[in-house]
Structure formats: structure tokens, C-alpha cells
Amino acid sequence: MIKLVDLHKSFRTQKVLDGLDLEIEAGKTTVIIGRSGGGKSVLLKHIIGLIRPDSGEVLIDGTDITRLGDRDLNEIRKKFGMLFQEAALFDSMTVGENVAFPLREHTRMKEEDIRRTVADRLNAVGLTGVEEKMPSELSGGMRKRVGLARAIAMQPQIVLFDEPTTGLDPVMTEAINRLIIETQKNFNLTAVVISHDIQSIFTVGHRIAMLYEGKIIAYGTPEELKASRNPVIVQFLAGSIDGPIRIM
Amino acid sequence: MNGVSASVDRLGKVVLENVEEMGKIFLLFLSVLAWMFRPPLKLRNIFKQMEFVGVKSIFVVVLTGTFTGMVLALQGYHGFKMFSAESLVGSTVALGMTRELGPVLTSLMVTARAGSAMAAELGTMRVTEQIDALYVMAANPVKHLIVPRVIAGFLMVPLLTVVSDFMGIVGGYFVGVHILNINPGIFIRNITRLVDLNDIYSGLVKAATFGLILSLVGCYKGFKTSGGAEGVGRATTEAVVLASISILVSDYFLTAIMF
Ligand SMILES: Nc1ncnc2c1ncn2[C@@H]1O[C@H](COP(=O)(O)OP(=O)(O)OP(=O)(O)O)[C@@H](O)[C@H]1O
Ligand SMILES: [Mg+2]
Numbered sequence: 003m004i005k006l007v008d009l010h011k012s013f014r015t016q017k018v019l020d021g022l023d024l025e026i027e028a029g030k031t032t033v034i035i036g037r038s039g040g041g042k043s044v045l046l047k048h049i050i051g052l053i054r055p056d057s058g059e060v061l062i063d064g065t066d067i068t069r070l071g072d073r074d075l076n077e078i079r080k081k082f083g084m085l086f087q088e089a090a091l092f093d094s095m096t097v098g099e100n101v102a103f104p105l106r107e108h109t110r111m112k113e114e115d116i117r118r119t120v121a122d123r124l125n126a127v128g129l130t131g132v133e134e135k136m137p138s139e140l141s142g143g144m145r146k147r148v149g150l151a152r153a154i155a156m157q158p159q160i161v162l163f164d165e166p167t168t169g170l171d172p173v174m175t176e177a178i179n180r181l182i183i184e185t186q187k188n189f190n191l192t193a194v195v196i197s198h199d200i201q202s203i204f205t206v207g208h209r210i211a212m213l214y215e216g217k218i219i220a221y222g223t224p225e226e227l228k229a230s231r232n233p234v235i236v237q238f239l240a241g242s243i244d245g246p247i248r249i250m
Numbered sequence: 107m108n109g110v111s112a113s114v115d116r117l118g119k120v121v122l123e124n125v126e127e128m129g130k131i132f133l134l135f136l137s138v139l140a141w142m143f144r145p146p147l148k149l150r151n152i153f154k155q156m157e158f159v160g161v162k163s164i165f166v167v168v169l170t171g172t173f174t175g176m177v178l179a180l181q182g183y184h185g186f187k188m189f190s191a192e193s194l195v196g197s198t199v200a201l202g203m204t205r206e207l208g209p210v211l212t213s214l215m216v217t218a219r220a221g222s223a224m225a226a227e228l229g230t231m232r233v234t235e236q237i238d239a240l241y242v243m244a245a246n247p248v249k250h251l252i253v254p255r256v257i258a259g260f261l262m263v264p265l266l267t268v269v270s271d272f273m274g275i276v277g278g279y280f281v282g283v284h285i286l287n288i289n290p291g292i293f294i295r296n297i298t299r300l301v302d303l304n305d306i307y308s309g310l311v312k313a314a315t316f317g318l319i320l321s322l323v324g325c326y327k328g329f330k331t332s333g334g335a336e337g338v339g340r341a342t343t344e345a346v347v348l349a350s351i352s353i354l355v356s357d358y359f360l361t362a363i364m365f
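So the sequence lines, in the order shown, correspond to chains V and Y. Quick note on our numbering: the first sequence kicks off at 3 and runs consecutively. Quick note on our numbering: the second sequence kicks off at 107 and runs consecutively.
One chain only, chain V, in its complex shape (with noise of 0.2 angstroms):
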């Protein structure tokens, strides 16, 4: 489980979180929206201690990883798969060698046993015979599809996905949506999605989350979100101009 208790966080002058409290639930998909730059992307990298938070704690099964040498994160953190929003593909190494390289770095797998693994991920994600590929010969969708399939390489416990589907055509979005409830359902993980994509938000989410401001407005089932009277979800969710959410 994790749990994010009172969490602030500023760049300088700018309030990004601003005492968040959330509880993601094991074994669920949690959906995180909320308006473009207003810190989705921030949380996610304090789930994974990429970023400290000025004050407030990360506990993932119970340890708060805010206070944990390199070592000792570096064990909670194999827990974890992560796509990054712009997919973050090692632009060195070719798509084959970017899919096999946490399973290089942490088992101790045949070289023929990782070739068969990397194909595999790859063919979840809609792509084959990419492998020799360098990610800059790759477009902007396919780039996001080999990070995912890097991101569920290892089977992870938890995985993060920042924005899965943004760029992606309806077709290959309904069908990562489908990858992600089906991997979650199989290996039980938890994962945690943040989403622009309303659609895709009731599919794939067993929970939602609304951000704004730095806190979670609104936590709940999809149904319970639906449901809501409460203004800022209500333009959220219509996408309309009026309301709360001011544009500027």
C-alpha cells in the first residue's frame, strides 16, 4: 500500500503540493487527474523518490521512503516499474536493449531467456520486430509503447504510468487500456495512472483521485466521481470553460 501523508513541496516561489494526503489501495489501479501542470507528474516522482518532498511522508508498505539512504530505496524501489510521461527510453542503447535492460541489470536470466522476455513485452504493446530499432527512429506513440513495455519488464508490484495513452491513436489507446487492466488484474499489482483521457479514466480505473490546488479534492470510485456535485469535478469531467477552473 501507499500512502502519502501531508505532502507539501515548492519550486521556489511555486506551491506545487500543498498537503496532499492520498491512499492508494494494493492490488487496485489508481487514476490520478487533474488539470496539465498542476503537479501530477510531482506526485508520481514522489512515489518513486525521485523528488523529496519539503516536508511530509511517502510510505509504501509502511516505510516512509523519504528518509531512506540510496541503499535501502534502491530495494523499495525494484518494487517498482515507471513509465515516464515522455517515455525517457535510453537513446543510446536500441529498443531491445532499453526493454532488457532491468532484467540485465537485476536476474540473472539467459541471454535466449531475455531475448524471448523483451519480444514478449513488446508484442503486449503492439510492436514486433522493433527490436534493432534506435528509439529516435521511433515515433512519438511507439516511443511511449517500448517504455511502458520496459516499465512491466521486470513484473512489478507497483507500476506507474504517466499518461499511457496520450498521443496514442483511439485504436492503440482503447488497446494499452486494455494491456494495463489486463496486466493489473493478472499479476494483482497496483498500479497508479494519471490521465487526461476521460474515456480512458472510467475504464481502466478502479479509483480516482482528483488533483488540484496541491491536495486531492476528491477521492472514489468512478461512479462516486460521476456522481459528484462538486463544481470543480463537475467542469473537470464536462471539460467546459465555466466553472471554477479558471484558464488563467
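Everything labelled a hint here was simulated from the structure, so no lab data went into it. Any given hint might turn out to be false.
Said to hold, decoys possible - In silico DSSO-like cross-links for lysine-lysine, where the CA-CA straight-line distance does not exceed 30 angstroms: (1) V/Lys-80 to Y/Lys-130; (2) V/Lys-135 to Y/Lys-154; (3) V/Lys-112 to Y/Lys-154.
Claimed, not checked - Here are the in silico distance ranges between beta carbons for each label pair: (4) Y/Phe-165 to V/Lys-217: 58 to 64 angstroms; (5) V/His-208 to Y/Gly-337: 38 to 44 angstroms; (6) V/Lys-217 to Y/Thr-343: 40 to 46 angstroms; (7) Y/Phe-135 to V/Glu-77: 22 to 28 angstroms; (8) V/His-108 to Y/Tyr-307: 41 to 47 angstroms; (9) Y/Phe-165 to V/Gly-29: 55 to 61 angstroms.
Ideal Cβ placement from N, Cα and C applies to all residues, glycine included.
Mind docking chain Y with the ligands on chain V? Use the hints.
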């Protein structure tokens, strides 16, 4: 009065920042040492960097070495001719190359070629979150990215220096013997008589130190890059400037210690 104290203030700040930076680079060096001896060493990464730093620098090093030797011969000749000691041109070229110009020019060329590239590569990896991706996969960036580069710098700059020394002497021989008509036997004999192995060793010790400096500085500057493409550009420039200055300053102290 105020203007003076303000500029003293600024000077103090600059000095403090630089001392702090030196300290951080030294800490990076210690962590490189610590990770270097923790298996498994990724030999493939090391060889890749050695190829990049070493093999691909040979051409520029050959060129700079040759012309430096040629210039040394020419300048030395005009000087020595005044008291008819032209025969010393050979040993002057050889001593100048092995002790000083071989290591210094080679490492400055490698700084421009490879040190800058290290800063740019690591800087790009930083701003595109590839370094974060390493952390997330519980892989240490110092071990994966910096150790291979520092090893490559430490090993390849001395090797390149040997090439540079040799080419400098060849260039000096060509100018001395074929253009200035110095007797080839005397040219060579003076080199073997006046240059001993210690001159070459001390030059190689310098080269290894400079190789360490340029790769550490390049990696350090790249690693702490922030601010997009502009930040990468800044990191690259700073790496070249800081590495070049450090090489020249440490050259003085190494010379003072060794001779
Ligand atoms: N390393 C950083 N340094 C300074 N400011 C940062 C940093 N990272 C994020 N920010 C700021 O924090 C705010 C939140 O950024 P974040 O990337 O979390 O937004 P987001 O909710 O993921 O937006 P999007 O949906 O567009 O990806 C932004 O205003 C951004 O400028
Ligand atoms: Mg984001």
C-alpha cells in the same frame, strides 16, 4: 568605498563557488572509485567509451602532435643557431614533447572532442529524464555512465600522448633533417643521449591525471545539468573551460613536483 566592498564581495563569492565545485568533483571522484571496484564491471560500456575517447581522437592527435614537433624544431633551430648549437634541436623537440606539449596538447584536444561530448551526452540524459529512469530501475548512474567514461579518459589520454610524442619527434625530424639540414645521426643521437625514460614517464603521469580531470569535469557538468537544450549547451561550454583551466593549472603543480 561601497563599490570596492561590493566587488570584494563578488570575488569572494566566485572563489567560494569554485572551491565548492572542486569539492563536489572530488566527491564524485571518490564515488567513481568506490563503484569501480564493485562488480560486475560492464566491459562493453568501457570499451565503447575507450573507442570514443581514444580511437576516434587519433587523427586530431596525430595532426596536432606532428605540427607541434615541426614548429618546435623550427623555433629551436633559430634560437640555437645564434650560438651554433643546432645539434640540440632533436633533443629539444623530444624533451618538449614528452614532458610538456604531448600530454598538455593531447588532453586539451581530447577535452574539446570527448570531454565536451561527455557533458553534452549526460546533460541530454538528465534533461530527458534518462538519468531518472536509471534511478527508477535501481541502477546507479555513477556506475553505469560515469565509471566507464572516467576509466576511458584515464587510460586513453596517456596512450594518445604516446602517439602525440612520437609524431612530434617525427615532425621535428622531418623539419630538422630535411628542411634545416641537420645531420640525421646527430639529431637522433642527441635525443637518445638527453632524453631518458623518466621524461616519458612523467609525461604519461601527467597525461593520466589530465585524462582523469577532463572526464570527471565533463561528467560532473553533464550530470548536474538543468534547463533543457540551453542548459546542455551551458554545461558543455563550462565543462570545456573548467577542464582546460584545471589541466593547465595542475600541469604547473605536477611539473613543480616531478622535476
Ligand atoms: N524540476 C522542477 N523544477 C521546477 N519546477 C518544476 C519541476 N518539475 C515540475 N515543476 C513545476 O511544477 C508544476 C507541476 O508540474 P507537473 O509536471 O507535475 O505537471 P503535470 O500535472 O504533470 O502536468 P501535465 O499534465 O501537463 O503533464 C509545473 O508548474 C512545473 O513548472
Ligand atoms: Mg505530467
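Going through the hints against the structure:
1. V/Lys-80 to Y/Lys-130: holds, 29 angstroms
2. V/Lys-135 to Y/Lys-154: holds, 19 angstroms
3. V/Lys-112 to Y/Lys-154: Holds - the C-alpha atoms of Y/Lys-154 and V/Lys-112 are around 23 angstroms apart, at most 30 angstroms.
4. Y/Phe-165 to V/Lys-217: 58 to 64 angstroms: holds, 60 angstroms
5. V/His-208 to Y/Gly-337: 38 to 44 angstroms: About 40 angstroms separates the Cβ atoms of V/His-208 and Y/Gly-337, which means 38 to 44 angstroms holds.
6. V/Lys-217 to Y/Thr-343: 40 to 46 angstroms: Holds - the Cβ-Cβ distance for V/Lys-217 and Y/Thr-343, about 42 angstroms, lies within 40 to 46 angstroms.
7. Y/Phe-135 to V/Glu-77: 22 to 28 angstroms: holds, 27 angstroms
8. V/His-108 to Y/Tyr-307: 41 to 47 angstroms: Since the Cβ atoms of V/His-108 and Y/Tyr-307 sit about 43 angstroms apart, the hinted range of 41 to 47 angstroms holds.
9. Y/Phe-165 to V/Gly-29: 55 to 61 angstroms: Because 59 angstroms falls inside the window, the suggested range holds.
Checked against the numbered hints above, the structure breaks none of them.
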